[in-house]
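Student: Okay, here's what each chain looks like letter by letter:
2 protein chains.
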Amino acid sequence: MRIAIASDHAAIELKAALIDYLRELGHDVDDLGPETAESVDYPDFGYRLGQAIARGDAERGVALCGSGIGISMAVNRNPKSRAALVSEPLSAALSREHNNANVIAMGARLIGIEMAKACLDAFLGTEFGGDRHAPRVDKLSNPDI
Amino acid sequence: MRIAIASDHAAIELKAALIDYLRELGHDVDDLGPETAESVDYPDFGYRLGQAIARGDAERGVALCGSGIGISMAVNRNPKSRAALVSEPLSAALSREHNNANVIAMGARLIGIEMAKACLDAFLGTEFGGDRHAPRVDKLSNPDI
Chain A
1 MRIAIASDHA AIELKAALID YLRELGHDVD DLGPETAESV DYPDFGYRLG
51 QAIARGDAER GVALCGSGIG ISMAVNRNPK SRAALVSEPL SAALSREHNN
101 ANVIAMGARL IGIEMAKACL DAFLGTEFGG DRHAPRVDKL SNPDI
Chain B
1 MRIAIASDHA AIELKAALID YLRELGHDVD DLGPETAESV DYPDFGYRLG
51 QAIARGDAER GVALCGSGIG ISMAVNRNPK SRAALVSEPL SAALSREHNN
101 ANVIAMGARL IGIEMAKACL DAFLGTEFGG DRHAPRVDKL SNPDI
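Chains A and B supply the protein sequences, listed in that same order.
Residue 1 is where the first sequence starts when you use this note's numbering, and the numbers rise one by one after that.
Residue 1 is where the second sequence starts when you use this note's numbering, and the numbers rise one by one after that.
Same shape as in the complex, but just chain A (with noise of 0.2 Å):
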């Protein structure tokens, strides 16, 4: 699969831990920075996430920050993106299932490595539910702001 990963300074460790598990796993990851841990703006990151996902660059998204709660506000901006902001597997694997997440947004000074790779897991591995999910899903491609 083709996965974007952007994240702040505040989990540039957490991203490089992430991106080589994911290759490891065989995906083909685009890391959209930032570089260093020098201090920067999450939204800038996460819209960059959010566009790559709304242009159809990636297939999924990572989405990083000190608690996951800014970056995945500002992913879930783009209507095209469905971020889920994350700290356990059942909600990863629920994200997919009914909301169709295509990011996985986490916190990575309130998880560990493993919490997040199990996490990452639940979120690759399951699948889209549709049904009745799908309506709800398509609405929020066309939000009533």
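Do not take every clue at face value.
Identical copies carry no separate label here, and so any pair may be met within one copy or between two of them.
Unchecked claim - Subject to a maximum C-alpha distance of 25 Å in a straight line, what follows is the list of computed SDA-like cross-link-like pairs (lysine to any residue):
#1 K139 with G56
#2 K139 with Y21
#3 K80 with E13
#4 K139 with E114
#5 K139 with G112
#6 K80 with D121
#7 K139 with R60
#8 K139 with A118
#9 K80 with D138
#10 K117 with G56
#11 K80 with E38
#12 K80 with A37
#13 K117 with S141
#14 K80 with V137
Just so you know, these hints were derived from the structure itself, not from any lab.
Note that the structure is a prediction, hence the values are computed from the model and not measured.
Keeping the supplied structure of chain A fixed, place chain B upon it in accordance with the hints.
Tutor: Just chain B now, kept in the frame of chain A:
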């Protein structure tokens, strides 16, 4: 504080319990629906809440669905809404301190009533930290999508 609350059918019992709790605390609560357990689409109620926040009808919002994921995506489509999906109080507090979150999202099928109340207490009781966080939050209101 004036607080608007919205959910889907999966969370109407939690919504009712949190409305009681917020009123006991002395808050003004606007129930944006739904009123019955009949199946509805969470984006409709998420958009309604995002609009109430954007118009200034309420200072804060509470968004509930089965997992909290779908409705948090919908609320975050509105550039004036900043919804944090949380399952424990630390994230709820961080969402205020770092992201100036104006909406808290929770999953009725994932956390219990006492945890939801503890999250709400942290969300309502924590001030925005401003400072370096302010320009980042400003960027969330002017999305580059």
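Student: Take the hints in turn and mark each one as holding or not.
Tutor: Now for the hints, and whether the structure bears them out:
For the identical chains of this complex, K139 and G56 are neighbours both inside a copy (19 Å) and across copies (24 Å), given an alpha-carbon limit of 25 Å. In this assembly of identical chains, K139 and Y21 lie within 25 Å of each other by CA distance neither inside one copy nor across copies; the values are 33 Å within and 31 Å between. For the identical chains of this complex, K80 and E13 are neighbours neither inside a copy (28 Å) nor across copies (31 Å), given an alpha-carbon limit of 25 Å. Proximity of K139 and E114 under a CA criterion of 25 Å is satisfied in neither setting, with 34 Å inside one chain copy and 32 Å between copies.
Within a single copy, K139 and G112 get their C-alpha atoms no closer than 34 Å, and across copies no closer than 28 Å, so neither meets the 25 Å cut-off. In this homomeric assembly, K80 and D121 come within 25 Å of each other (Cα to Cα) only inside a single copy, at 22 Å, whereas the closest approach across copies is 33 Å. Taking the shortest alpha-carbon separations for K139 and R60, both the intra-copy value of 19 Å and the inter-copy value of 24 Å come in at or below 25 Å. Taking identical chains as interchangeable, the C-alpha atoms of K139 and A118 are never at most 25 Å apart, the minima being 29 Å within one chain and 31 Å between chains.
Taking the shortest alpha-carbon separations for K80 and D138, both the intra-copy value of 10 Å and the inter-copy value of 22 Å come in at or below 25 Å. In this assembly of identical chains, the alpha carbons of K117 and G56 lie at most 25 Å apart only when taken from the same copy (24 Å versus 40 Å across copies). Taking the shortest alpha-carbon separations for K80 and E38, neither the intra-copy value of 29 Å nor the inter-copy value of 28 Å comes in at or below 25 Å. In this assembly of identical chains, the alpha carbons of K80 and A37 never lie at most 25 Å apart, being 29 Å within a copy and 29 Å across copies at closest.
Taking identical chains as interchangeable, the C-alpha atoms of K117 and S141 are never at most 25 Å apart, the minima being 28 Å within one chain and 31 Å between chains. Within a single copy, K80 and V137 get their C-alpha atoms as close as 10 Å, and across copies as close as 21 Å, so both meet the 25 Å cut-off.
The structure does not agree with the numbered hints 2, 3, 4, 5, 8, 11, 12 and 13 stated previously, though it agrees with the rest.
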